[in-house]
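Chain by chain, the residues run as shown.
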Amino acid sequence: MEAERILRRIDFPLLGAVLGLCVYGLVMIYSATQEAGGGAQMTVFFRKQLLFILVGVVMMIIIGFADYNWFSHYMPYVYGVNVLLLIVVEVVGKTTGGAQRWIPLGFFSLQPSEFAKVFLIVSLATFLASRKGVMDSPRDVLLAFAHVGGIIILVAIQPDLGTALVLVAILMGMLLLAGMRLLYFVPIILVGVLLIGAVFTFPILHSYQMDRLVVFINPEVDPMGAGYNLQQSKIAVGSGQMTGKGLMSGTQTNLHFLPARHTDFIFSVIGEELGFAGAVVLLTLYLILLTRGLRIASGARNLYGALVAGGIVTMWLFQILVNIGMTIGIMPVTGIPLPFMSYGGSAAWTNLLSAGLLMSIYSRRHKWGSEAQVRASGLGPGAVVSKGRAG
Amino acid sequence: MASFKDDLSGRFAALGIIIFVVLGVLFSRLWFLQVLAGEQYAELAEGNRIREISLEAPRGAIVDRNGASLVKNRPGLAVALPPTAITDKPLISRLSALLGVSPQEIAQQVNEKRADPLKARIIKHDAGIRAVSYIKEHRELFPGVEIESEAIRDYPNGTLAAHVLGYIGEISDREILLPDFKDYALGDIIGKTGVERQYEDVLQGVKGTRRLEVNASGRPLRVLKQEDPVQGRNLMLTIETSIQAATEKALDQALASARDQEMSNAFAGAAVVMNVTNGEIVALASRPIFDPRKFLGGISKRDWKRLNRKKSYYPLNNRALLSYAPGSTFKPVTAVAGLETGVASSTEDFYCPGKWTGMGDDWPKYCWNRSGHGGIGFVSGIAESCDTVFYEIGLRLYRRRLEELQAWARRFGVGAKSGIDLPGEVRGRVPDIAWKKAFNAKTPQYAQWMPGDTVNMAIGQGDVLMTPLQLANMYAAIANGGTFFKPHVMRAVMTPDGRLAAEKYEPVAVRRLKASREHLRVLQEGLRQVTTDGTARSAFEDFSLEVSGKTGTAEVAGKDDFAWFVGYAPSSSPKYVAVVMIEQGGHGGSVAAPAVRSILAALHGLPTDMVEAHDESR
Numbered sequence: 001m002e003a004e005r006i007l008r009r010i011d012f013p014l015l016g017a018v019l020g021l022c023v024y025g026l027v028m029i030y031s032a033t034q035e036a037g038g039g040a041q042m043t044v045f046f047r048k049q050l051l052f053i054l055v056g057v058v059m060m061i062i063i064g065f066a067d068y069n070w071f072s073h074y075m076p077y078v079y080g081v082n083v084l085l086l087i088v089v090e091v092v093g094k095t096t097g098g099a100q101r102w103i104p105l106g107f108f109s110l111q112p113s114e115f116a117k118v119f120l121i122v123s124l125a126t127f128l129a130s131r132k133g134v135m136d137s138p139r140d141v142l143l144a145f146a147h148v149g150g151i152i153i154l155v156a157i158q159p160d161l162g163t164a165l166v167l168v169a170i171l172m173g174m175l176l177l178a179g180m181r182l183l184y185f186v187p188i189i190l191v192g193v194l195l196i197g198a199v200f201t202f203p204i205l206h207s208y209q210m211d212r213l214v215v216f217i218n219p220e221v222d223p224m225g226a227g228y229n230l231q232q233s234k235i236a237v238g239s240g241q242m243t244g245k246g247l248m249s250g251t252q253t254n255l256h257f258l259p260a261r262h263t264d265f266i267f268s269v270i271g272e273e274l275g276f277a278g279a280v281v282l283l284t285l286y287l288i289l290l291t292r293g294l295r296i297a298s299g300a301r302n303l304y305g306a307l308v309a310g311g312i313v314t315m316w317l318f319q320i321l322v323n324i325g326m327t328i329g330i331m332p333v334t335g336i337p338l339p340f341m342s343y344g345g346s347a348a349w350t351n352l353l354s355a356g357l358l359m360s361i362y363s364r365r366h367k368w369g370s371e372a373q374v375r376a377s378g379l380g381p382g383a384v385v386s387k388g389r390a391g
Numbered sequence: 001m002a003s004f005k006d007d008l009s010g011r012f013a014a015l016g017i018i019i020f021v022v023l024g025v026l027f028s029r030l031w032f033l034q035v036l037a038g039e040q041y042a043e044l045a046e047g048n049r050i051r052e053i054s055l056e057a058p059r060g061a062i063v064d065r066n067g068a069s070l071v072k073n074r075p076g077l078a079v080a081l082p083p084t085a086i087t088d089k090p091l092i093s094r095l096s097a098l099l100g101v102s103p104q105e106i107a108q109q110v111n112e113k114r115a116d117p118l119k120a121r122i123i124k125h126d127a128g129i130r131a132v133s134y135i136k137e138h139r140e141l142f143p144g145v146e147i148e149s150e151a152i153r154d155y156p157n158g159t160l161a162a163h164v165l166g167y168i169g170e171i172s173d174r175e176i177l178l179p180d181f182k183d184y185a186l187g188d189i190i191g192k193t194g195v196e197r198q199y200e201d202v203l204q205g206v207k208g209t210r211r212l213e214v215n216a217s218g219r220p221l222r223v224l225k226q227e228d229p230v231q232g233r234n235l236m237l238t239i240e241t242s243i244q245a246a247t248e249k250a251l252d253q254a255l256a257s258a259r260d261q262e263m264s265n266a267f268a269g270a271a272v273v274m275n276v277t278n279g280e281i282v283a284l285a286s287r288p289i290f291d292p293r294k295f296l297g298g299i300s301k302r303d304w305k306r307l308n309r310k311k312s313y314y315p316l317n318n319r320a321l322l323s324y325a326p327g328s329t330f331k332p333v334t335a336v337a338g339l340e341t342g343v344a345s346s347t348e349d350f351y352c353p354g355k356w357t358g359m360g361d362d363w364p365k366y367c368w369n370r371s372g373h374g375g376i377g378f379v380s381g382i383a384e385s386c387d388t389v390f391y392e393i394g395l396r397l398y399r400r401r402l403e404e405l406q407a408w409a410r411r412f413g414v415g416a417k418s419g420i421d422l423p424g425e426v427r428g429r430v431p432d433i434a435w436k437k438a439f440n441a442k443t444p445q446y447a448q449w450m451p452g453d454t455v456n457m458a459i460g461q462g463d464v465l466m467t468p469l470q471l472a473n474m475y476a477a478i479a480n481g482g483t484f485f486k487p488h489v490m491r492a493v494m495t496p497d498g499r500l501a502a503e504k505y506e507p508v509a510v511r512r513l514k515a516s517r518e519h520l521r522v523l524q525e526g527l528r529q530v531t532t533d534g535t536a537r538s539a540f541e542d543f544s545l546e547v548s549g550k551t552g553t554a555e556v557a558g559k560d561d562f563a564w565f566v567g568y569a570p571s572s573s574p575k576y577v578a579v580v581m582i583e584q585g586g587h588g589g590s591v592a593a594p595a596v597r598s599i600l601a602a603l604h605g606l607p608t609d610m611v612e613a614h615d616e617s618r
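As given, the protein sequences belong to chains A and B, one line each in that order. By this note's numbering, the letter at position 384 of the first sequence is numbered 384, and the numbering carries on one by one without gaps. By this note's numbering, the letter at position 12 of the second sequence is numbered 12, and the numbering carries on one by one without gaps.
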């Protein structure tokens, strides 16, 4: 039956987790943007995010039914669009808070660095898949770095240090999954340490970025300045205790002690208003999302699909770690949004597009497509074709 | 061909492990933060959102014995500035010009380190209605400036009874350490002197609190809870306004009259009026006076300096409670001691040649009357204040027992606080062997108690010191037949609506003088004759009231004579005693006695005009 075939192509735990996260995020944005004593109302943030999510879910469904191999086929165009958007934002971008990250489009501002993450995943996966799971020459590694280096630099100079770090994490994760010799991580880590040393030695970072790093190391340095946000966030999360203060009843949130309530610090709102219980629900949704993602990666029909799925899982995992870690004081304060939760159209769409890619990879895990289709993907016969049922 | 999965499955498994590790770390950290340390963070969150503001309680009012207002509160408006506004230079200069407070003073108030950083600081108490309306009508010129209503101490009679009432001010760094003020906070207004200080616990109300919810910028959003302040209880004093006024007027006139009599340094003095039957202080005054209104909202540095320099005779001193050489007003002690010990008799005839050589020709002493009183009886000796008589009695007392006179002085309350309910009372001094030895420790050749020391003391000279209050108390005991009451100014504690509260003062008889009725009667007769035939007869000429009393003209090294008069009336059944002391005022009979006459006249509804009087005695 056709309907049954379609249903079998859908990963319901993944879909459930994604939709659950979207709803959870909308509820928290609704709650976080209420004004004390104002009475509950549909805030402009909530309404815009609702629209972003609805549009994003449609995108997810379209991508989910499309063939992800298409992106591999048109890899140079994907790469070109990515670079072009990042150059456009450098030229006409809107500057907010000292960083030039947005292309104003009237109704909303496009944030190319968000899309850069998923663009990078699909283009880098194409390159890595062409190595056929064997990366044992330094040349391959250097080529991979060359592939992403320009994009990371374009993001970093906006400056958007957080997203640049996400891109580095994606690179590392995908190199690992693509079978790079583990020995190569040694020089990569050494160079990384040297770069970090250089960051602290030479005036590369903006002063506010430097402050954040220093404050992360010792939050008591300047409690009313850069350490203030971190301290208030910890108070918000901690004061939520086991079951929280209730939606729209978070004092840290509604009385504005908490900064960036609906964006970077949305997790603090969950911690305060819904407590440890609400945080565990969120972590459980993420656990489902990530493990389903990993399962899709390892069960993918071809290496390209596996690397795309693995890259997406790495991206989310890194963002979850750094964002939640930041709000509870175990990671530095960097402007990395929490997947599916933080307010923002570009981020919502990036995440839903990524989820759509996972669904597409899942739906094509079986050899139900023709050999010709696989060939059309540009990967060539036999390279990544699995025998029999995967996963 | 091997599937990529076979080669890379280990890599995917590794990513799976990383997922579990990351989520596990976040889970553990959240467990610690929210479950284990949650309560601490909950407290911090409450501390963030809740501000407690204390609401000042108005002090209790003070009324006189008839309920007439002495100190009350009137509503005032204070101008306050939040600490954040201090950087607004144009605002500060506008406020400075409007309120007449220098920018430096504003900065000092607002930057006060110990104050609550979120609470607006008052920069001007009792700002005039014109300044306040200007601020209210030009809000845009005064962003953040707050107008707070406050209770201002009001003195309907001006400076009247200022030394009894005292003044109020912000608690000092030193005072806050005292056990009396352990529940006080910096910035609290307390009584500094007088009954304001003595009855601080009665007058001070209970502060209220207002719990506010504030947002991150400190703006109050709503009142969570409010406890209204409770006004302090009212105090009824034994002071009678009309007598206090008459007493102060008499004191001022005595000072003026002394200066008329070429006593050009007469600017200070004191007066005490007491009910001899129960110790109630009806009036108590000191000169020079200070204005308690100058302390409201903080006294200016200039005014404070003016109140604390020699040139202005230290107006804050309550001289009724400070000690002086009593001069001849001390003679009743010697007289009673002589009679009681039997070294003198009321029927004894003394002879005063003007020069007394009781201690040998090498140590002559002189009566104030150099030409001598001639043959003089015991009673006339008191009336005429004949020094020879008292030298002689003093020497006999010394010979009987070295410290006989000292023992009698102490029985009369000299050298001990009377116990009045006012701060600042001193003990005075009974000079004795031990005191002289300690006093002259560095000059042992002068450290021995000599017969001449007792002889000097016998006429109230030498080293004996008494407060005007002690003299009032001593003469009250003489007048009432030997009972010493604890002098007091508090009559009752009232509720704010004027009803009597639980506390009502009952007279306390501290002790009885162990002297025979007969001997006291001899002394009373002597004191009666002072105003009829003795040193104060000119001051009490044609006075319809029978007055008993004693003049004193005390010699003070390096200064003009201090004038004293202590008198009680009516002589037959005494009701009130009045003391007047004029520093460097000259003779007691001519300067102090007319003032006492005027005060006693006021007490008995007689004309209070000052009389001109004449006295040469010492």
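Just so you know, these hints were derived from the structure itself, not from any lab. Glycine is no exception: its CB is placed at the ideal position from the N, C-alpha and C atoms. A few of these clues could be false.
Among chain B residues calculated to face chain A with C-beta under 7 Å, some are [claimed, not checked]:
1. S28
2. R211
3. L212
4. P507
5. A509
Just some of the chain A residues that point at chain B, by a computed CB distance under 7 Å [what the hints assert, rightly or not]:
6. V44
7. Y228
8. L247
9. M248
10. T251
11. A260
12. A277
13. I288
14. I324
Okay, the calculated beta carbon distance ranges per label pair [claimed, not checked]:
15. V35(B) <-> F200(A): 34 to 40 Å
16. I17(B) <-> L183(A): 38 to 44 Å
17. V280(A) <-> E170(B): 35 to 41 Å
Hints, one by one, checked against the model:
no.	hint	result
1	S28	violated (10 Å)
2	R211	violated (14 Å)
3	L212	violated (12 Å)
4	P507	violated (60 Å)
5	A509	violated (64 Å)
6	V44	violated (20 Å)
7	Y228	violated (10 Å)
8	L247	violated (16 Å)
9	M248	violated (15 Å)
10	T251	holds (5 Å)
11	A260	violated (13 Å)
12	A277	violated (9 Å)
13	I288	violated (11 Å)
14	I324	holds (5 Å)
15	V35(B) <-> F200(A): 34 to 40 Å	holds (36 Å)
16	I17(B) <-> L183(A): 38 to 44 Å	violated (20 Å)
17	V280(A) <-> E170(B): 35 to 41 Å	violated (54 Å)
Of the hints listed earlier, those the structure fails to meet are numbers 1, 2, 3, 4, 5, 6, 7, 8, 9, 11, 12, 13, 16, 17, in rising order.
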